[in-house]
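Mind assembling these two chains? They're in different frames, but the hints should get you there.
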Amino acid sequence: MVSVRSIANTPSSLTPNDLPWIIEHREDRCTLCGQCAAVCPVGTLNLTYMRKRMPHLVLSATERGSSYKTFVGIRQSTEIGKRCIGCGSCSLVCPNEAIQPLQNPGRDRFRFVNNQQGEPAKRGGRRNVPGASLLDRLIFDRISMLTDPALDAGRHEFSCNTLLGRVLPPEEYVRRKLAGEWIPPVREIFPFVIGSMSFGALSPNMWLGLLQGVAYCNEVLGIPVVMATGEGGCPPWVLRSPFLKYIILQIASGYFGWDEIIRAIPEMQCDPAAIEIKYGQGAKPGDGGLLMWFKVSKLIARLRGVPEGVDLPSPPVHQTLYSIEESVMKMIQTMSMAWNFRVPVYPKISGSTSAKSVLNNLVRNPYAGALLIDGIDGGTGAAYNISMDATGHPIAANVRECYLDLCAQGKQNEIPIFAAGGVGKNGNVTQNGMALIMLGASGVHMGKFMMQSAAGCLGTESNRCNVCNIGLCPKGITSQNPKLYRRLDPDQVAQRVVETFMSIRTEIKKVMAPLGRSQSLPIGMSDALGIDDKDVAERLNIRYVC
Amino acid sequence: MCRLAMKTASEPFSPFSVLTAMEAMQEGYDGSGLGLLLRGLKFADYKYNAQDPILSGIAHSEAALVRLDHIMDKAGFTLNYDHEFEVKKEMIEAQDRHKYILRVYKKPVTWNKLSASEIEHELMLIRLALRANGEAHGNDLTAFSLWPDVATIKEVGWPLEIGLALGLDSGRITSRICMAQGRQNTNYGINLYACHPFFLQGVATMTNGENTAFIPIKDWLTGRAFPGYIGYQSDSEVFAHILHYVTRQLKLPLEAYKHVITPLKNDELAVHPQGDFLRGLRDACRRLIIDGPNAVIGTLPDETAMLVMDAKKMRPATVGGKPGEWAIASEMCGVDAMIPDRDRSKDFQPMREHTVIIPPDRQELQIWSQFDQLPIPQAA
Ligand code: SF4
Ligand code: SF4
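Taken in order, these protein sequences are the chains called F and X.
Here the numbering used here runs 12 ahead of the position in the first sequence, where the first position is 1.
Here the numbering used here runs 211 ahead of the position in the second sequence, where the first position is 1.
Hints listed in this document are in silico derivations from the structure and should not be mistaken for laboratory results.
Just so it is clear, the structure is predicted and the values come from calculations on it, not from any experiment.
Note that CB positions come from ideal geometry on N, CA and C, so glycine has one too.
Honestly, I wouldn't trust all of these hints.
Stated by the list, open to error - Distance windows between CB atoms, simulated: (1) L336(X) - N352(F): 24 to 32 Å; (2) D583(X) - A420(F): 32 to 40 Å; (3) E184(F) - D583(X): 21 to 29 Å; (4) E297(X) - D545(F): 55 to 63 Å.
Just chain X, same shape as in the assembly (with noise of 0.2 Å):
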């Protein structure tokens, strides 16, 4: 089992928190690994403007650094700021990490011309190009996110280690949101791309559980011939693809991605007030329903968080937290150690038909149903 831990906060705090919070889950994780993925940054020793794209990423050797050098110029991006990273190398299991990558582009001059929606397509490739890149040279280079104020860190080992053995500690990043899985993926082998959070255009989502259904779902999003949809080293990929397709290609609100990946059964749909849209919807997007056990916590590009339930309900998860501060952990004792002075009879833990969503102003915590209505006038 592996164990999940996000924090949203109005105010930036340091992963490190975070980290320190897993380690009161630590029995359910076995320390194999360490994902984070930060959202609304703030740099210590430098002014982080949110529109330059961050890439992550980690060059395993000298000549894997000088190819990425080239293929970012030569797509047109300035280096603003490359982040340091204070690497304690002893405290690293790997010994082949040449340089951790967090850096700060500015955009190509000639993308000033291109829509939002080719921007994004554009960074995808990029990232895309960078990963096959190092692919080729024997995975040498290794590229999590490119993607305006996202951070991405993975790293084999115990979590709390390597936030030590990379300075998270000091305070020199912050950011608004902290997603962190421990553990690598085990099911179908330890890569660094299995490692939660998946992330994918701004969609960002982490598990926990296995997703028995995932070789149909990974068959049909492969068929859907998006160069993003690649990968699938770890079965919980799929989720975050999945919302992503929901979110951006279907353009269907958030609240639709349950009615996608957990449909209601019929005798639910033929009372619920958008039955026939939803049962066209689950007929439709029927390679996409997943069979967990799983908790699927996700972010989106405005911050928004959000927490859902496999159909079965088999993996726990919980949410708690005030206005302007919340979390989401596999176990309570981790919303305890994030948010300790909440008012714990507000912890929610959500059902099955129950998606969790922090809005972007995190005033109050969103409960909404899948027996409700969905927020798409034309359907009703």
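Just chain F, same shape as in the assembly (with noise of 0.2 Å):
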């Protein structure tokens, strides 16, 4: 045995072994074209010439008993900023499938010493917890066709669309529009809203072909389908383009972006679809959002009024809070009047055990539009790990509690609540959204399921990729970076959104029709909802099947 210090080793030291993804590289196919190494966002790959020893007996005294052999191959880099992240890039431009990187099946190492410097470790995504969740095992089981006339998903005509904003009681109502007063904004839009992702969280050929595939959808198809930018504005020819009416902007706490919305207020064509005001975020509660110096360009820069390349922090609260009470009546009151009192205001809060005490807050307020509550699922484009994965409140109890609280008031068609935080994260889009609606919301924000569908987002709930905080992002999603956006046909990019859109919409009556749901969204139909978990089932006051 050699001494210690003869070999390589430090604490952090790793080997691939101990790395989240292992490449699994195969020198029998490889053509050595460098085309995986060239590609791999995060430089793990180095092609290296590599020394092997040809041992071989001599007899003679004047040879020397080896010689060596030099051979090029694929080196997996085991520092922790350049472990591979298992995107799979190197696989999708390798010729010869030569290349792949593999989950590493044990416990990896690397998470132990993932906070080198003190700083703790961080990513971009999803909160990581592989499985079916707990959307998923929601089942729509009240099938009403034994007992009446069957509907046909693709013959009936049904409505899907909801409302947001605020919705008198119908007495209020009956006696306001006759005396001529002032009747709060309504929207009625598709219940399935692409959820808050900024323009600088998301690169602009992303954010072109959302808005291009959105416009498609109401426009061509008649799918009223809206999107939340995130903090951080709208580029400016959207501002004053008739799509505006398409989009809910956003105000966080670092108000980034609204001078250039302020400014524009004037010359907008129509009006947006809402404010959102962000007071919380289910990936990472209590935390402000943070836009990275890399990914602060030109125009982001112009944008958000601030010098290029620069760390953009947002506070964690919005500076007029001194109590929720009070900060939600300034904003909404505040950003209601910039409209006139013509566009719907609303907050997004993270999932909380005190949600309620927020949305009874709202229920007072007549300016309120709505709630939109974010699950501890949802995604975010950076966040301390501890935050995303142990923060927050999971969406579906939230959202049932807050409805019910609104039903024994009856007011639960007045305020209505959006979910967010997980829908579509395996997949299952309509039926994660449906299952929301049923136990109470009026409809879902989704972003990473937009990602993966409309963009191939390559990220997964096993960690996979999840870089988006770096402004790496292999498939130039969440990237200022042209070298990497350019990767992203915005055209392509808007025909995926309309096919998704038009995909949730067929699964949508799929799911209405069985139940002999035509004529309205089935909003706090829960009686059509089984789960196989007799206290999941008793939480959500749902049916217990097994």
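So this is what it looks like as structure tokens:
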């Protein structure tokens, strides 16, 4: 055995086997084209010359006992910052299927040292809980076809839109209407909303693709899809375009982008769909947004009114937030006033056991247009692992509790609850969304699913890729680097957006038809839901089935 | 499936004639029950004043009857007439019917100073108190209605046999309106309260078909904190309560009912003269949108009768008749049996946009379409 000092060994030394993803390289197939190393977003692959000793038996004293052979191969970096993220870009470009990342079947040691310089682990993307989610397990079990004439999802007409905005109680509506008084603005929208992802977090091509797709859904297919910006505003041309009506503008604690928005108000051709005030985010409750310096390109800097290439952290809370009551009231009123009370304004909060108190506060605020609750399974561009993994509240019980609370007050039609956080995280987007709707949500927001479905995001719940935070998105979705985002063709994204919503619409009908519902979205139709878990059934006040 | 029959005539007629008409539609029901609601009453052995409230229900035991008397006494009611049914017990399936109640009361004198709507509220509360009392004693007391000029009979069994068992063929009770429904609600468990027609403060409806939007509608009505919005042993009870809500709470005309339960679509509203008002009404009453298939037959305190369909129109119903006499039934043969001597070419089967209204004078059918102007001048 050699002394310890003679081998390269530090407390943080890792071998490929300690990493979450291990590269399997087949030398017999490799053509040494080098494309994998060139494409790798984190630079983990090194094409290297390697030397191999070729021992052979010599009898002559003048010859050496071994010779050496050099060969070219792939070396996987074990540096923490350069570890393989399993994105699979190398496999995508390899002409000979010679390389692929394999998930470490054991528990990787990497996680224990992923806090160099005292900086805790961060990532983008998702919560990383593989397997069926609770929403995946909710089934629709009240089949009315057995007792009544069948609805045909392909033939009958279905009304599957929802409302966003404050709805008056009928008595008050009739009174105000007859007296000619103000009626709060209400939008009729498709219940699946593209959740807030900022123009800084998303690449320009991704954003353009989403917007094009949304416009097509609205104008050609008649599916009134809306999309939400995250914090950071909206490109100036969009603000002055007729597409603004499909956009929910978000204001968050950094107020980034709002100079540009306010300046554009007099020149707007139409009102935005709504204003979302972000108080919290399911993936990282209590944490502000963060746009890293390398994402602050010239355009982003212009939109946000900041210098280029600086970190842009948003504070965890709004400066105005002395108390949530006061803040919600002030901000909702200010925002309503900015558009002369023609645009619904609502807060977005992270899922929490305290969600009900915010809700009850909104009930008493006549200008509050909705409540969006973002559960712990929500995605983000960047967050500390601990926030993403262990902070927050699952969405199902939170929404249900809030809905039943509104029912007890008879106000479930007045303040629509929107749910987010994990909708479609395993691909079952319509099932997840409809289950939340039957639990009481008026609609759902989905972000990660749209990235996966419309742009081919590589992230999975097994911590594949999930480097949206470092500006090196291999698909060009969450990067401001033109070399990367040129990989994404906005027209193709738009087409996928359209395909995605067409398929969601068909699936909604396939869910509604057997339940005998076609005239209105089955919000709160909890008698149609079942789950094979008694405790969950009891908690959600639905039927236990097995 | 269940079968509905309703007859309205200027001259009182025996409910038994409606029961025989239901036999014509017998393939459509399983004989599991009968519900009858009569308005415009005339008793052979009592001169009835149409202002006096009538209590309808069943006391399932002597004790229940004693408690009923006690409650009514305490509230200040005076018993004017107690209709004794000539009951043939052996023809009734259920064995625990101590007494079928159909009693005319004199309102408490202390109510003289109350307004009409206060009296109507009090009547509802007394009925609910009787119901609650029965429920607290193992359901030994059932109270269907307590209202002037309205009588309700509900029982389990074959409709015609129930009619015979209660002696309805004797002609001792006649009425200008008779609503009849055959079959218990079977979607949500058998219960006397689950039997149509449903009644609340003068508003009555009966329905065939299943209302799949029941739970959200029920949750919303329950949230109104209005004491009468309870029960919901049947998914069809909400139709009566929505009609009550639209006409009595929102004080909108009867025509608005259709706009609440089956609102027009966006493109239809866009060209409607009151599209803006109706769109807002649709949003505000969104939780009351029904999801049929249903045909809803209703009657109001002024003896107006009406018929509407769900928006999918997957349930049949026909209306026919002649001036002074009209009938609505789920099948044409039911109308034939009730009014054979009419001009059949004038029979009408409403489409999804129609509300058929038979006004109290019973001279002609009004067929109102949702595309027409709603009779609310201010909202135009
Ligand atoms: S999977 Fe991605 S990160 Fe890993 S080596 Fe291949 S390209 Fe690089
Ligand atoms: S593909 Fe891009 S957006 Fe998707 S997880 Fe990777 S870095 Fe994030």
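Each hint, compared with the structure:
Separated by about 46 Å at the C-beta atoms, L336(X) and N352(F) break the suggested range of 24 to 32 Å. One distance hint, 32 to 40 Å for the beta-carbon pair D583(X) and A420(F), holds here, with the actual separation near 39 Å. The given range of 21 to 29 Å is respected by E184(F) and D583(X), whose C-beta atoms sit roughly 26 Å from each other. Between E297(X) and D545(F) the CB atoms are about 57 Å apart, so this pair conforms to the stated range of 55 to 63 Å.
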